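Colleague: Protein sequence lines, in the order shown, are assigned to chains D and S.
Residue numbers for the first sequence follow this note's numbering, so the first one is 1 and each next one is one higher.
Residue numbers for the second sequence follow this note's numbering, so the first one is 1 and each next one is one higher.
None of these hints come from the bench; they were simulated from the model.
From a predicted model like this one, the values you see are computed outputs, not experimental measurements.
Even glycine gets a Cβ: it sits at the ideal position worked out from N, Cα and C.
Worth double-checking, as some hints may not be accurate.
[What the hints assert, rightly or not] With the C-beta cut set under 7 Å, the calculated list includes, among others, these residues of chain S facing chain D:
#, residue
1, Asn49
2, Asp74
3, Arg82
4, His93
5, Leu106
6, Pro107
7, Leu110
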Amino acid sequence: MRLADLLDFAWQVVRGYRTRTLLILLAMGIGVAAVVAVTSLGEGARLYVVNQFGSLGTNLVIVLPGRSETAGAMPGVLVGKTPRDLTLDDAIALKRSHAVRRIAPLVIGVGDMHVGSRVRETPVLGSTAELMGIRGMEVALGRFLPEGDPRQIVPVCVIGAKMAGELFGTRPVLGEWVRIGDRRFRVIGVMARQGESMGFNTDEIVIVPLAAAQALFNTEALFRILVEAKSREQIPYARDDVEEIIRLRHEGERDVTVITQDAVLATFDRILRALTLAVAGIAAISLAVAGILIMNVMLIAVTQRRREIGLLKALGATGVQIRMAFLTEAVLLSVGGAAVGLAVGQAVRYAAVQLYPAIPFQAPWWALVAAPATAVITAVLFTLAPARRAAMLDPVQALSRR
Amino acid sequence: MIRFTGIERTFVVGDETVRALRSVTLEISQGEYLSIMGPSGSGKSTLLNVIGLLDRPNAGTYELDGRDVTGLSDDELARVRREKMGFVFQFFHLVPRLSAEQNIELPMVLAGIEPGERRKRLVRLLADYGLEDRARHRPEQLSGGQCQRVAIARAMSMGPPVILADEPTGNLDRHTGQEVMAVLERLHGNGGTVVVVTHDPEIGSHADRTLRMIDGAVISDERATERTPGTQRRNRGMTGT
Numbered sequence: 001m002r003l004a005d006l007l008d009f010a011w012q013v014v015r016g017y018r019t020r021t022l023l024i025l026l027a028m029g030i031g032v033a034a035v036v037a038v039t040s041l042g043e044g045a046r047l048y049v050v051n052q053f054g055s056l057g058t059n060l061v062i063v064l065p066g067r068s069e070t071a072g073a074m075p076g077v078l079v080g081k082t083p084r085d086l087t088l089d090d091a092i093a094l095k096r097s098h099a100v101r102r103i104a105p106l107v108i109g110v111g112d113m114h115v116g117s118r119v120r121e122t123p124v125l126g127s128t129a130e131l132m133g134i135r136g137m138e139v140a141l142g143r144f145l146p147e148g149d150p151r152q153i154v155p156v157c158v159i160g161a162k163m164a165g166e167l168f169g170t171r172p173v174l175g176e177w178v179r180i181g182d183r184r185f186r187v188i189g190v191m192a193r194q195g196e197s198m199g200f201n202t203d204e205i206v207i208v209p210l211a212a213a214q215a216l217f218n219t220e221a222l223f224r225i226l227v228e229a230k231s232r233e234q235i236p237y238a239r240d241d242v243e244e245i246i247r248l249r250h251e252g253e254r255d256v257t258v259i260t261q262d263a264v265l266a267t268f269d270r271i272l273r274a275l276t277l278a279v280a281g282i283a284a285i286s287l288a289v290a291g292i293l294i295m296n297v298m299l300i301a302v303t304q305r306r307r308e309i310g311l312l313k314a315l316g317a318t319g320v321q322i323r324m325a326f327l328t329e330a331v332l333l334s335v336g337g338a339a340v341g342l343a344v345g346q347a348v349r350y351a352a353v354q355l356y357p358a359i360p361f362q363a364p365w366w367a368l369v370a371a372p373a374t375a376v377i378t379a380v381l382f383t384l385a386p387a388r389r390a391a392m393l394d395p396v397q398a399l400s401r402r
Numbered sequence: 001m002i003r004f005t006g007i008e009r010t011f012v013v014g015d016e017t018v019r020a021l022r023s024v025t026l027e028i029s030q031g032e033y034l035s036i037m038g039p040s041g042s043g044k045s046t047l048l049n050v051i052g053l054l055d056r057p058n059a060g061t062y063e064l065d066g067r068d069v070t071g072l073s074d075d076e077l078a079r080v081r082r083e084k085m086g087f088v089f090q091f092f093h094l095v096p097r098l099s100a101e102q103n104i105e106l107p108m109v110l111a112g113i114e115p116g117e118r119r120k121r122l123v124r125l126l127a128d129y130g131l132e133d134r135a136r137h138r139p140e141q142l143s144g145g146q147c148q149r150v151a152i153a154r155a156m157s158m159g160p161p162v163i164l165a166d167e168p169t170g171n172l173d174r175h176t177g178q179e180v181m182a183v184l185e186r187l188h189g190n191g192g193t194v195v196v197v198t199h200d201p202e203i204g205s206h207a208d209r210t211l212r213m214i215d216g217a218v219i220s221d222e223r224a225t226e227r228t229p230g231t232q233r234r235n236r237g238m239t240g241t
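Please take these sequences and the hints and turn them into a complete structure.
Modeller: Put into structure tokens, the structure is as follows:
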């Protein structure tokens, strides 16, 4: 029997018993759709978290002063020494690493910001022009901090969108002078609204040049240094270089903590992946149920179509041909069901995206492959027994019974 | 071409063993027109099924064209059946969801014949059995006589040397029954071996040779002499090898 004829024969059966076909398509479709929809949600949550970390900046390595050990006290504590501060010179020295693209030292403090008679307490961030690129920030009006020697005090600032609204109302902002503490700064830019990003609301901060912030808060110590590696692969080298450079500068003492974004991200990634797999597994149970339904329906079909099977045998059909006819039918039904399921699953995903545009719902490729494959494989497995029964039918009995 | 030696077929029904065929020894030659008659339960259908390789004897040997087919596997039997046997049933046994032409095509589809060749044969068969304008009708849209003609066309689609008909007129009115018999006799006239199972004496009397069965045994084997139907009558009693 030719393949095309086999398909055609099965197609006639599928078309001939509409209600039955629709019910199986429904069962298979629900199973596949469940897997696709559930994994879309899981993968969406995972990507959301990954993106949140990504908004910290790409290929980020963060250097914090001090070192936390999991066990035992620091040697420095025992001998009464405090860890050395991270300084601007430390930060500039990091640029020597080949794995490092750029760095942004950070100083953070809180100051009172005066505009005319209005005063507002605000977090003040001191950094350099590189911060914008590293953190992926955007400026809505004007420009960001100027490039140049980070040691030089330039009296300019960039303010968050919400700050601008609260302090200036509808008046023009650019070029105005504000006072923070006892220093005056000219506003050269307003940040675009970004909202909360890993516990930091950039809408409500003021960014000033690093040296200005150091002068303002009267400190040499950096809050931390953001280091951007040249590429994702370079992150481990960048981390090693950073540790080594700081160690050399700190007289051989490892007194900074270096966090790679990757390590944190990888943990979240693993957790959410496992979660997605687990719910996908639960959804896959519905596929098994659909398989059992197919088996049931096929067993009924064998009984219903006894005479037809007997006839086919009388016309010279071999056992293999009878089996193949039933299996092809199962494949057609399950492929149809899988197609319906994929379509419904994608529709659910689309609906979810409309409801929560922030979360990138998207079925992972493995689910898009595994769900239809599981559907077809279960269908075939559960049809083996009915098909075998059909092939074993005695043609004389099958033809005579009415 | 068909030689039975001591064929036995028994069925176990509950505790009883029913001997549907009792040591039947029989020869049928190429081109014969044979009717098998007897009351219901006499084993005539079983004999036909054994001839058609649908049923296996419990004992005895069956030679078809000189080849012992008693021990063939189910699949081998299916292939022999496909090539050599054409079945016509009392209840037509058309597949209800397929059109007349799709039903006729079935044996050729099972045999894996190319669509082009199938089409050619189909056109000829539809013409031969006067079914051109019914080709795309489903069985439920056909009359009984048309259904049986479709069934005969289907039986002939592989050009088998033997046609086996089990009560082919049993489900038809008298007039249509005669039409169908005329079609079967035409096949015989073209050199085909035709075996008809019937309990209607009139239908049975058309045949050149009549077997009568009672309780699984052949009790008489008569050859009609008054008529000589068929144009390619072969030598009677020749044991085809």
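Colleague: Against each hint, give a clear statement of whether it holds in the structure.
Modeller: For each hint, the structure was consulted:
no.	hint	result
1	Asn49	5 Å, holds
2	Asp74	6 Å, holds
3	Arg82	2 Å, holds
4	His93	5 Å, holds
5	Leu106	6 Å, holds
6	Pro107	5 Å, holds
7	Leu110	5 Å, holds
When held up to the earlier numbered hints, the structure conflicts with none and fits them all.
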